[in-house]
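Enquirer: For reference, the chains in residue letters:
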Amino acid sequence: MSEPVRRAAPVALVVAALLLVWYAMAVWLNAPQVIERLDGFGAPWGARELVAATWSMERPVLPAPHQVALNWWQSVFDADIDSPRSLVFHAGVTLSATVLGFVLGMLLGVLIAIGVVYNRVLDRGLLPWIIASQTIPILAIAPMVVVVLGSLGYPPLMSKAVISMYLCFFPVAIGMVKGLRSPDVLQLDLMRTWSANGPQILAKLRLPAAVPFLFASAKVAIATSLIGAIVGELPTGAQAGLGARLLSGSYFGQTIQIWSALLMASLLGVGLVAAVALVERLVARAMGARA
Amino acid sequence: MKRWRTGLPLLILVLVAWWMLGVVHGDGPKGSALGGLWIALAAWVLLLWFVLDTLARQQGGRATQMLAPALFGLALIYLWELLVVGWQVPKVLLPAPHAVGQALVSRWEVLWPDFRQTAVAVLAGYAVGCGAGLLVALAADRFGLLKRGLLPLANLAGAVPIVGIAPIMVMWFGFDWPSKAAVAAIVTFFPMLVNTLAGLAATDAMQRDLMRTYAAGHGATLMKLRLPSALPFVFNALKINSTLALISAIVAEFFGSPIVGLGFRISAEVARMNVDVVWAAIALSALAGSMFYGVIATVERAFTFWHSSYRS
Chain D
1 MSEPVRRAAP VALVVAALLL VWYAMAVWLN APQVIERLDG FGAPWGAREL
51 VAATWSMERP VLPAPHQVAL NWWQSVFDAD IDSPRSLVFH AGVTLSATVL
101 GFVLGMLLGV LIAIGVVYNR VLDRGLLPWI IASQTIPILA IAPMVVVVLG
151 SLGYPPLMSK AVISMYLCFF PVAIGMVKGL RSPDVLQLDL MRTWSANGPQ
201 ILAKLRLPAA VPFLFASAKV AIATSLIGAI VGELPTGAQA GLGARLLSGS
251 YFGQTIQIWS ALLMASLLGV GLVAAVALVE RLVARAMGAR A
Chain F
1 MKRWRTGLPL LILVLVAWWM LGVVHGDGPK GSALGGLWIA LAAWVLLLWF
51 VLDTLARQQG GRATQMLAPA LFGLALIYLW ELLVVGWQVP KVLLPAPHAV
101 GQALVSRWEV LWPDFRQTAV AVLAGYAVGC GAGLLVALAA DRFGLLKRGL
151 LPLANLAGAV PIVGIAPIMV MWFGFDWPSK AAVAAIVTFF PMLVNTLAGL
201 AATDAMQRDL MRTYAAGHGA TLMKLRLPSA LPFVFNALKI NSTLALISAI
251 VAEFFGSPIV GLGFRISAEV ARMNVDVVWA AIALSALAGS MFYGVIATVE
301 RAFTFWHSSY RS
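Protein chains in written order, with my numbering: chain D, 1 to 291; chain F, 1 to 312.
Honestly, I wouldn't trust all of these hints.
Calculated pairs, SDA-like style, for lysine to any residue (alpha carbon to alpha carbon, straight line, at most 20 Å) [said to hold, decoys possible]:
id: 1; chain 1: F; residue 1: K91; chain 2: D; residue 2: I141
id: 2; chain 1: F; residue 1: K239; chain 2: D; residue 2: P128
id: 3; chain 1: F; residue 1: K147; chain 2: D; residue 2: R7
id: 4; chain 1: F; residue 1: K147; chain 2: F; residue 2: L222
id: 5; chain 1: D; residue 1: K219; chain 2: D; residue 2: V279
id: 6; chain 1: D; residue 1: K178; chain 2: F; residue 2: N236
id: 7; chain 1: F; residue 1: K239; chain 2: D; residue 2: S133
No wet-lab data here; the hints were simulated from the structure.
Make a model of the complete structure from these sequences and hints.
Expert: Next up, the structure:
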């Protein structure tokens, strides 16, 4: 077998097993409601009718995978892109907040990291607090940030981005501190023999050395940024965004809608991480890394 | 080390801080009318920086190492208090620390049951999620096919906002804590799985060969070599998950909960603009989160004392 097949086969096997379990679960979880309805019709029914009915309910406890896929397909390709029925529209709203928060978080994280590496007080005093800040459920502030900034007249995009930024900056700051400190003494001494000053050492040695660390952190950061944007959409009663779609689905018991929003969010997350990985590869090649 | 070189500035810092606090909380003018005070504050910050710098230079035991961050944290809270009160920042925007403290005390009868409700969900979900992650990792390690199939999917799960599963769990398990525990369990499962698998792969060929020369089977190699060397990774997952479980339980409460729970309290009090109570709830969960993390870190020290990160 060729290499890609050898690697993909087990994954396909596990995915197939998961889908089988899912279909079985759908029968099992939806059966009580379906049986009640079938009994109500009075007509005799067998296993075939039961299974068919559990996989095609309008508001199932657990929708079958093909129902989710169909709903996803319809709300992506059949709906107008700027109508609230379109998942592309909602994903776009969430995506803009995610990316804005990600960019702000990267900037903040890099700045903090440079401060920590170059300043002893920040290193000793601030760094422990940055680490401690991660034990704070920052996401819990999300509703407050959105409501408070909203009441001050800021658009929801800004408040969601602030939450995402808050979640993003930590992995970036920690990764960059590690990266900026990764040049060893020999390299630093070499820079000194060339009488390089602080900014020069930063620009020509420390920052390039930190790039792999930056991208490793960025992949974590963009995933958390997406979570931040989605959670930020929950409390506003927002009309747009994947989080709002989840919330309205849960209000009206539209389970298929929830699952297809989840599918969209997952695809968005995977796509964003893949995009960062692609940029990483391009940058690495531009910096002369061997493939 | 000459103690008075830090002791004296520290004394001045505290006295000036006390005086400024009194001025700000008094009945006098506020905001830009307090011109002299803000100049004094600028000088205070400079002196603070000097003291922090001296403290940061000092070599010493753990207690000395803790001094700089402790002072830094206290100073941040102090500045927060001084600026918020001095500029009369609206309470809705940012309540002063003393207001948060007052809310924490005066609403304790409400906040404590909230905390207990959420804590039960977090602990139950954490235990189930971490336990399941560990067991599945052990199974996947035993059967190579399962591992090659699961690992890419588990890595993919890191990019997926799993917490979005919350509304579905609320539908399945009802409004009470089991639905929050379910979300916490699912969210904590994947980090544990990935980390444990990485940990089980962390032994080198020499060590495994040595076990083979002892004629140790899979079970004995696992118990005596591979699980112990996977422990740092497992504890890493336990630490990551402690915060994750707390966050996901609180977020799950936004989707529907009985009228008790930290997430419920936060969303309810935000709607009423009682921001000081919200901050009190957050302070409480932050405290609980840090303690949870601290307990796990302590246990980690006891179990992985041999690891190089503790022996330096």
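Enquirer: Indicate, hint by hint, whether the structure satisfies it.
Expert: Hints and how they fare:
Of the pairs offered as hints, the one joining K91 of chain F and I141 of chain D holds, with about 15 Å between alpha carbons and a cut-off of 20 Å not exceeded. With a C-alpha separation of about 16 Å, the suggested pairing of K239 of chain F with P128 of chain D holds against the 20 Å cut-off. A hinted pair counts as satisfied when its Cα atoms are at most 20 Å apart, and K147 of chain F with R7 of chain D qualifies at roughly 11 Å. With a CA separation close to 16 Å, the supplied pair K147 of chain F and L222 of chain F stays within the 20 Å bound.
The suggested pairing of K219 of chain D with V279 of chain D holds, with an alpha-carbon distance near 11 Å, which does not exceed 20 Å. At roughly 18 Å between alpha-carbon atoms, K178 of chain D and N236 of chain F fall within 20 Å of each other, so this suggested pair holds. Proposed proximity of K239 of chain F and S133 of chain D is supported: the alpha carbons are some 14 Å apart, at most 20 Å.
Hint check: no violations occur; every hint is consistent with the structure.
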